[in-house]
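Chemist: One-letter residues, chain by chain:
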Amino acid sequence: MTDTLVEARGLTKRFDDLTAVDGIDFDIHQGEAFGFLGPNGAGKTSTMKMITTVSPITEGKLTVFGLDPTTQGRSIRQRIGVVPQEDNLDLELTVSENLYIYGRYHDMSRAEINPRITELLEFAQLSDRRDSTVEPLSGGMKRRLTIARALINDPDLIILDEPTTGLDPQARHLLWDRLYRLKRDGATLIITTHYMDEAEQLCDRLVVMDQGKIVAEGSPRELIEQYAPREVLELRFDDEQRDDAVIKMDGVAARSEVLADRVLLYTDDADDTQRALHDRGVHPEQVLVRRSTLEDVFLRLTGRRLID
Amino acid sequence: MSVSAPSRISGIGRLTPFRAQRIWEHNYIAYRRLWKVVFSGFFEPVFYLFSVGVGIGALVGDVSGPGGVPVSYAAFVAPALMAASAMNGAVIETTFNIFFKLRFQNVYEGILTTPMQPADIAIGEIGWALLRGVLYSSTFIIVMVVMGLTTSWLAILAIPGSVLVGFAFGAVGLAATTYMRSWQDFDLVTLATMPMFLFSGTFYPLDVYPPAIQLVAKISPLYHGTELLRGFTLGVLDWTMLVHALFLLVMGLIGAAIANRRLDAMLRK
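Sequence order for the protein chains is D and S. Okay, so the first sequence: first residue is 1 according to the working numbering, each after it adds one. Okay, so the second sequence: first residue is 1 according to the working numbering, each after it adds one.
For the record, the hints were derived by calculation from the structure and aren't laboratory data. For every residue, glycine included, the Cβ atom is placed at its ideal position computed from N, Cα and C. Check each hint, because a few of them may be wrong.
Using 27 angstroms as the maximum straight-line C-alpha spacing, the simulated DSSO-like pairs for lysine-lysine come out as follows [claimed, not checked]: (1) D:Lys213 / D:Lys61; (2) D:Lys183 / D:Lys142; (3) S:Lys101 / D:Lys142; (4) S:Lys36 / S:Lys101; (5) D:Lys213 / S:Lys269; (6) D:Lys142 / S:Lys269; (7) S:Lys269 / S:Lys101; (8) S:Lys269 / D:Lys61.
Chain D stretches covered by chain S per the calculated footprint, using a threshold of three residues with CB under 8 angstroms from any CB of chain S [said to hold, decoys possible]: (9) 53–62; (10) 76–83; (11) 99–109.
Go ahead and model the full structure; you've got the sequences and the hints to work with.
Modeler: In structure tokens:
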């Protein structure tokens, strides 16, 4: 039996008349990368804030390391590292001072912090920026520094809220690589994201959230197998042909989604489906065959796309 | 190049009950580069002392100090300027500086993901503001001593007196900042401190006004600070000074309690 680090039962967060988190259950185990996937406003950040003990829970049960966030918040925060959604690096301090002061907030001594700073800056690939101010750093560098800062106390649990939102693809891949290394070395990660590819890359297990509720749970592979057939045909049509084609295509695939700019056909065998389309006289402008992703799962579960 | 994840270390991070001093440590690191900004605040009361205290003082001659003892005009004005410098230092610190960190940088939200608590922030920032105020007031009292404007060894007590002034204004300043929404709101800070500076018995005794107006002026916290410090620097002790000290202490405690509650409500939603 693996250790359960975070356990939630009927966890609820209400702000006045808005229910941000609506009675969710989940368990997060030692050593796994657990994802919360969902669009903006799904309740991911509220859930993270309750786990990090900075937001009081409204109802339900939550334990972190078996401790109660309401009464043992400090003991919990001592053992976690948090990467918030919005950078809140201290612009008055240099790169290394940002790490140093967080070490001090955790009551580490100078002798404990200094070697740690060197190690973390190397990990974050910021060693040559050690004495730079934070302001001129690129978005990716700031994120990496924020991650390094979250690691200063050698946390048992690392919580990342939308770690790569707003980063260019190269910066994202570098960040994923760093997170992957943490995971490989046994860290427990909680990641929220609205990017399906991110969840697929990093998460061992995830829950899909929508409007404060968990609508699905499993590994990325399981979710895809359960909610989206293996392959997807993405078809684009001329505006005039589209409606006609949609009628002709009825029943050709296990499931279809008609989006504003394209039609998605879910199938276990894309070649078969393409032949069937040809037989029915459907001739799309453009055909793209791909494997189905968590994006397709989300579309299936909620009827909406993940990012508008 | 192969870079491994940081090594695991254990046993670090202990829980201590009180860590407001971490905020001081943070501010100390930040201010090492900003010392010029801090330094400039020292000159304002010195300029007032030379223009109003010495300059106008030459026209005014001696005035009636605490207990009716005649003192030079500069010696009358100087402790009031000392109190005002403690007020200004503490107010600048808890309004402008804190507002930026609170509303734009989200610095405190980050801090609260560590074992730090809202009370640590409130106590730490008020304490730091108090220090800044006392830094100004205690350098200013050196100028006073050099110029012979202190007439008693009791003047040394003006420094702890200015600690009370810094505490009262720092705490209320922090509480006020939690209510501010935009930079325009800071005009209100000036609107509060400027008349206080002018009408708290700073430049002349309050008894030039009719009793009703005197009563209004006596609500001004700076009046209490000024009277307290003036008693010390001129060596005239009076039981009313206890009332002044108590006023400042209570004002500080109420301000600190409100600041703490507000920060908690803002940062832990």
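Chemist: Count the residues of the region 53–62 of chain D whose Cβ falls closer than 8 angstroms to any Cβ of chain S, and tell me whether that reaches three.
Modeler: holds (count 3)
Chemist: Given that the region 99–109 of chain D was listed as covered by chain S, double-check it with a C-beta distance under 8 angstroms for 3 or more residues.
Modeler: holds (count 8)
Chemist: Given the proposed pairing of lysine 142 (chain D) with lysine 269 (chain S), does the C-alpha separation stay at or below 27 angstroms?
Modeler: Holds, at about 26 angstroms.
Chemist: Going straight from one Cα to the other, do lysine 269 (chain S) and lysine 61 (chain D) come out at no more than 27 angstroms?
Modeler: 18 angstroms, holds
Chemist: Lysine 269 (chain S) and lysine 101 (chain S): Cα distance at most 27 angstroms?
Modeler: Holds - the C-alpha atoms of lysine 101 (chain S) and lysine 269 (chain S) are around 18 angstroms apart, at most 27 angstroms.
Chemist: Between lysine 183 (chain D) and lysine 142 (chain D), does the CA-CA distance stay at or below 27 angstroms?
Modeler: Status holds; Cα separation ~21 angstroms.
Chemist: Counting residues of the region 76–83 of chain D whose CB is closer than 8 angstroms to a CB in chain S, do you get three or more?
Modeler: holds (count 5)
Chemist: If you draw a straight line from the CA of lysine 36 (chain S) to the CA of lysine 101 (chain S), is it 27 angstroms or shorter?
Modeler: 20 angstroms, holds
Chemist: Are the Cα positions of lysine 101 (chain S) and lysine 142 (chain D) separated by 27 angstroms at most?
Modeler: 18 angstroms, holds
Chemist: Run the distance test for lysine 213 (chain D) versus lysine 269 (chain S): straight-line Cα separation, threshold 27 angstroms.
Modeler: Measuring from Cα to Cα gives roughly 20 angstroms; hence the hint holds.
Chemist: Check the hint pairing lysine 213 (chain D) with lysine 61 (chain D) against an upper bound of 27 angstroms on the C-alpha distance.
Modeler: Since the Cα atoms of lysine 213 (chain D) and lysine 61 (chain D) sit roughly 15 angstroms apart, the hinted pair holds (cutoff 27 angstroms).
Going down the numbered hints, you'll see the structure goes against none, and every one checks out.
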